[in-house]
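Trainee: Listed in order, the protein sequences are those of chains G and Y. The number in my numbering is simply the position in the first sequence, starting from 1, with 80 added. Going by my numbering, 72 is the number at position 81 of the second sequence; the sequence numbering is gapless.
FYI, nobody ran anything at the bench for these hints, they're computed from the structure. Beta carbons are placed, not taken as given, at the ideal position from N, Cα and C, and that holds for glycine. Treat the hints with care, since some could be wrong.
[Claimed, not checked] With a Cα cut of at most 35 Å, we get these calculated DSBU-like pairs of lysine-lysine: (1) Y/K39 x G/K352; (2) G/K520 x G/K466; (3) Y/K68 x G/K211; (4) G/K317 x Y/K28.
[Claimed, not checked] To give an idea of the interface, some chain G residues facing chain Y are shown, with a C-beta separation under 10 Å as derived from the structure: (5) A327; (6) G385; (7) E456.
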Amino acid sequence: MDEVRIISPNGILGYGFPISSFKLGLDLKPDVIAMDAGSTDAGPYYLGGGVSFTSRDAVKRDLNLVLEGAHSLKIPVLIGSAGGAGAEPHLNWLVEIVNEVLFENNFDFKKAVIYSDVSKKYLLKKLKEKKVEPTTTEPVLTADAVDKSKRLVAQIGVEAFIESLNKGANLIIAGRSLDIAEFAAFPIWKGFSKGLSLHLGKILECGAIASSPGSGRDCLFGVMRKDHFLVFPTNPKRQCTKLSVTAHSLYEKDDPFKIWSTDGYIDLSESKFEEINDRTVKVSGSRFIPTVPTRLKVEGVSLVGHRFVSIAGTRDPYFISSLLQVEKEVIEQLHENFSDVKEGKDYSVRFVNYGIDGVMEKPLDTAPHEVGIVMEVIAKDKNLAKTIIAFIRSTLLHTGYKGRKSTAGNLAILFSPSDFDGGKVYKFSVHHLIEIESEKEVYKFS
Amino acid sequence: MTKLKDVADVIRSKNAGPFVLTFDIFFHDPKVYQKVKKQKCINEELIKRLYHVSDEEILGIVYFDVALAIKFNLKRKICSGDFGDRDIYGAQQHVPLFEVELFKEAKEED
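I would like the entire structure built from these sequences, with the hints used as guidance.
Mentor: This is the structure:
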């Protein structure tokens, strides 16, 4: 095989992609379709809740097209980080949708399903053996944090994908994986350079985000060769440029010279990026540097409480100028009214004032003409959260202040009902690297 | 006075995992990039002032010649999704960089 041709239909399975772009991609005779289905970007809730941040119908729509394309060209499909967070409930959810699509279309694939959940017992053993360390700035992991975790999952590398390919699987669905693994596994399996394969994986994993204009819901095409790879978008309206591809090499990572895998990193310091035509970039020189020991990242979340939210706005310049002070007084009244529960212990409460301190905490000097207020309560149980959100909403609405003219009410309340149940709240409790002998310690086939 | 937003093609922020914010600045003109690099226009003092952070919270500033890019990383004051977080993806923390003034006359004489 002189080259391997890979299509990445989009940034995340379920984000959608134009059918025309995908068809153009299939016309280019790809050898494999690879897709990333997850991320921690959406925050800790999804791993804790056991649900995806994508919708079932949207995922099924994408899968219908992808599996139809793969079936017609008789090429394999590799999917990583199933269901977003990639733990058992997420993977089972995606496999169920896949099975539905296979059944409804009478498609025949040889499936491999790879779990990458980690038990508390396993992680505690690693902790005891001093084989756990923070990924970057995380607090040192404690046994207590492991015990309190609701669910733990490891980011696996290419090993389980390659084992599946060796067994003849042509539809591989894995739990939490390195973003780059499902893209790099096939060319590495075919004997291409590990450094270049992993680098190509990094460019492809977000679909057309690495093109210009960028998009997470369009296709990117990669051609892996002996000493370089090519990358271009299939949609003629987009182009890969030196800027778009180098920019993506740096995307969402802290060290521009290294892209980490489980058993080493890709050294980008000698990488060469060239525009070979107005839509295609050629990359060469990326080298794989092995490191010992092999390390996997483990992600875990723990339950914090239950959230309620209320949304309101104001355009009253007198209220806006007093707003931060009035909010302080509302909290004081809250403490006085419910003295049997304690802020910080039983609940947390805050006001996020869009127009003042919404996106960034530090307010600017200029006074906004309108402010959107999001009130948030996280409490130890649902009932307390509901009680407190109702109290702060009604108190902020009716609290007087110096210079007030609008004595009928301070807020434009946006909805009825005004308060929203935000459900259970989780926080990241584990985001640490573990030392392993082999990835086989972690992954399991169904 | 040249501002960063006038000469950089991309100025962005994003999570690099839930505990770190990463910032990228890309230039298209190698001359501008080299000048910014030579004068260390993006430096610790500037970042401390713009983002109200201490030295310990700055996890490195890297000039990446291959891409005509500058990357710096900040320890998140609040982990993504923890109580008090305002930007789960970290995608809107770049704005203070827009107005950064480059190439002051005094600096050019250095």
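Trainee: Hint by hint, note whether the structure agrees.
Mentor: Going down the list of hints, with the structure as the test:
In summary, the hint linking Y/K39 to G/K352 is supported, as the alpha carbons are separated by about 33 Å, within the 35 Å threshold. About 46 Å separates the Cα atoms of G/K520 and G/K466, which puts this hinted pair outside 35 Å; it is violated. The suggested pairing of Y/K68 with G/K211 holds, with an alpha-carbon distance near 26 Å, which does not exceed 35 Å. A threshold of 35 Å between alpha carbons decides the hint, and for G/K317 with Y/K28 the separation of about 34 Å falls inside it, so the pair holds.
With a cut of 10 Å, the hint placing G/A327 at the interface with chain Y holds, because the nearest CB-to-CB distance is about 6 Å. This hint holds: G/G385 has a C-beta 9 Å from the nearest C-beta of chain Y, less than the 10 Å allowed. A cut of 10 Å between beta carbons decides the hint on G/E456: the least distance to chain Y is about 8 Å, and the hint holds.
Hint compliance for this structure: hint 2 is the single one not met.
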